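A.B. asks: Here's the letter readout for the chains.
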Amino acid sequence: QKAVDEVVAFSVGPQKAVDELRRALAKGVDRAIHIKDAKADYLQPLQIAKISQKLVEREEPEIIFFGKQSIDGDQSQTPQLLSAMTGYPVASFASEVVVEDENVEVTREIDGGLETIALGKPAIISADLRLNEPRFTNLRNIMQAKKKPIETIAIGDLLSEEDAKPHVNVKEYKLPAKRSGGIKVESTEELFDKLRNEAK
Amino acid sequence: MNRVYKSLRTANQSLLRRNIQSNIQRYFSSTSEKNTFMKTGLTEEQIEIQAMAADFSERQMFPFAGEWDENKIFPEDMLREAAQLGFGGVFVDPNYGGTGLDRLTGNIVFEQLAMGCTSTTAYITIHNMCAWMIDTFGNEQQKEKYLEAVCNMDMFASYCLTEPSAGSDAASLKTKAELKGDKYILNGEKAFISGGGRSDVYLIMARTGEPGPKGISCFVVEKDFPGITFGKNEYKLGWNTQPTAAVILDNCEVPVENRLGNEGDGFKIAMMGLDGGRLSIGTCSLGAAQQCFNQARDYVKQRKQFGQPLSNFQNTQFKLADMAVSLETSRLILREAARAMDNKDSDRTVKCSMAKKFATDRGFEVCNDSLQLHGGYGYLKEFPIERYLRDVRVHQILEGTNEVMQMIISRGVLAD
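Chains X and S are the protein sequences, given in the same order.
Take 2 as the starting number for the first sequence in the working numbering and just add one per residue.
Take 160 as the starting number for the second sequence in the working numbering and just add one per residue.
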């Protein structure tokens, strides 16, 4: 649609990340950057944001797109952290994006409904489910994908050892307690007591 | 008492029907992942392409195929969308707007598309055959003029060889092309033309010289040239999503520069086009049969009789086993024929004929077996099985009957 000059995809992870980058290239992305890290599962949003910041400094993009939250951590923090680090405005949960000359107009899905805001560029956006229907990949693009460049950067080049240390230590994952049955109370006083002290 | 029982039974039946249908609709491509040879021998890129074609077929073809068949709709919007994605000129040089796939990869695409709508995919393969003919035998001027539009499906293309009195004996065709100044004047009638009436360009084989194959030439005839008219849309058992009509030439004026190749090349061009076409039609039968098999496989796990799912009975199991073997062997012979074409093997025509005959015969049987496994429901139009069966029946007849395939194969086998 010629709204932008170039689209670059990047991903942090082991060799498998390259498959995803190739898929992105097949969908029409111009080039890809693979930040190589063999393990990658220790990485938290803060580290991703720091890596992103380095890339943003290098590439100077007009718009940076993220997904709204990852399927593993489910945190929805990276875009907002990057915004704080770079000073660029951020619009999360975008369901509609219109790129204009000066601004980017983004419609966000919020609890109360939809909010439309204009961001100056460079802008950070995180995509919600309803942003679009993934397009069908053009056959020609699938074939050209293997000719498009994927640059590999070792993670150590963008993230110092100090920064790579996790800030948040996950102590435990557990399922919520199973919903137990209700109880019958004898009097209004008992009901009041339980409401006040137990049913928080 | 009986009346109450009857109405409950009917209510249960339609609930069961709806349940089965919704479950079946969901299982479009998931079971194709489990097919033993679906990905055999394919590169990463081919698997990616296969997945993309499957996705398009599942979302843009399968949900609508029944409606297109019922209302005899030629789905132009979907076709143009498909062409945008590169399906309109699959084998054509990318410099002219094509996708430049080899035969193997192209047929992997067609197999997936045919799982969605067999009739429309068959049309796509015919359109692609014509595109390939222009790309391979056309001169620069002809390619500049027609190829990009054909690859985009801005122009739909048709292949015109058969006549009312020249079917299997194609070389006896009577349509004449006489050179008069800077034009050929064509007179004659072509029968059973896919796309007839709707297509924008027609590749017409006509006689410019002696009787027999050596006197035939090939012409690119546009819909608006003076002297070309069309018969009514034929009323068919299947292939209802594409028009089929006679093409009538009455002193039709075709400029000299629209002759494809030299005088006398026409039959050779037509036959070389058909090698690829036969492979593609065989692949369409495979796609249809695979879809029918997937549906049957899922149905027999749900349907209970005598206190058990049908899939517990050995009869059902053995039937499915035989169907699976038919599918995989068809797949292997089709892909081998495609490789032979890509390698330009000297026996590729025989291989394509073998593959076409085998896959179309087996494909029909598998669709038929699937219908049987569905019991009474298989006979209802609410279930898609009968449509696939009707669509594949003609694959055993056109692009060379399976009897003509036997002629070609025996000639190859008996040659010194």
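Just so you know, the hints here were simulated from the structure itself, not pulled from any lab data.
Keep in mind that this is a model prediction, so the values were computed, not measured.
Note that the Cβ used here is the ideal one computed from N, Cα and C, for glycine as well.
Hints may be right or wrong, so weigh each one.
[Stated by the list, open to error] Computed list of lysine-lysine pairs in DSSO-like fashion (alpha-carbon distance at most 30 Å, straight line):
id	chain 1	residue 1	chain 2	residue 2
1	X	LYS195	X	LYS37
2	S	LYS478	S	LYS540
3	X	LYS147	S	LYS302
4	S	LYS503	X	LYS147
5	S	LYS342	S	LYS373
6	X	LYS69	X	LYS185
7	S	LYS302	X	LYS28
8	S	LYS198	X	LYS149
9	X	LYS37	X	LYS17
10	S	LYS478	X	LYS148
11	S	LYS427	S	LYS304
12	S	LYS302	S	LYS333
13	X	LYS149	S	LYS302
14	X	LYS122	X	LYS149
15	S	LYS342	S	LYS478
16	S	LYS391	S	LYS333
17	S	LYS198	X	LYS28
18	X	LYS69	X	LYS172
19	X	LYS166	X	LYS69
20	S	LYS540	S	LYS391
21	X	LYS148	S	LYS302
22	X	LYS55	X	LYS148
23	S	LYS198	X	LYS17
24	S	LYS198	X	LYS148
25	X	LYS147	S	LYS198
26	X	LYS51	X	LYS122
[As the list claims (entries may be wrong)] From chain X, some residues computed to sit far from chain S (all C-beta separations above 12 Å):
id	residue
27	ARG24
28	VAL30
29	ILE143
A.B. asks: Are the hints correct? Go through all of them and say.
C.D. replies: Consistency of the hints with the structure:
no., hint, verdict
1, X:LYS195 - X:LYS37, "violated, 55 Å"
2, S:LYS478 - S:LYS540, "holds, 23 Å"
3, X:LYS147 - S:LYS302, "holds, 28 Å"
4, S:LYS503 - X:LYS147, "holds, 26 Å"
5, S:LYS342 - S:LYS373, "holds, 21 Å"
6, X:LYS69 - X:LYS185, "violated, 43 Å"
7, S:LYS302 - X:LYS28, "holds, 29 Å"
8, S:LYS198 - X:LYS149, "holds, 25 Å"
9, X:LYS37 - X:LYS17, "holds, 10 Å"
10, S:LYS478 - X:LYS148, "violated, 46 Å"
11, S:LYS427 - S:LYS304, "holds, 23 Å"
12, S:LYS302 - S:LYS333, "holds, 28 Å"
13, X:LYS149 - S:LYS302, "holds, 29 Å"
14, X:LYS122 - X:LYS149, "holds, 27 Å"
15, S:LYS342 - S:LYS478, "violated, 59 Å"
16, S:LYS391 - S:LYS333, "holds, 21 Å"
17, S:LYS198 - X:LYS28, "holds, 22 Å"
18, X:LYS69 - X:LYS172, "holds, 25 Å"
19, X:LYS166 - X:LYS69, "holds, 24 Å"
20, S:LYS540 - S:LYS391, "holds, 26 Å"
21, X:LYS148 - S:LYS302, "holds, 27 Å"
22, X:LYS55 - X:LYS148, "holds, 26 Å"
23, S:LYS198 - X:LYS17, "holds, 20 Å"
24, S:LYS198 - X:LYS148, "holds, 23 Å"
25, X:LYS147 - S:LYS198, "holds, 20 Å"
26, X:LYS51 - X:LYS122, "holds, 20 Å"
27, ARG24, "violated, 7 Å"
28, VAL30, "holds, 14 Å"
29, ILE143, "violated, 5 Å"
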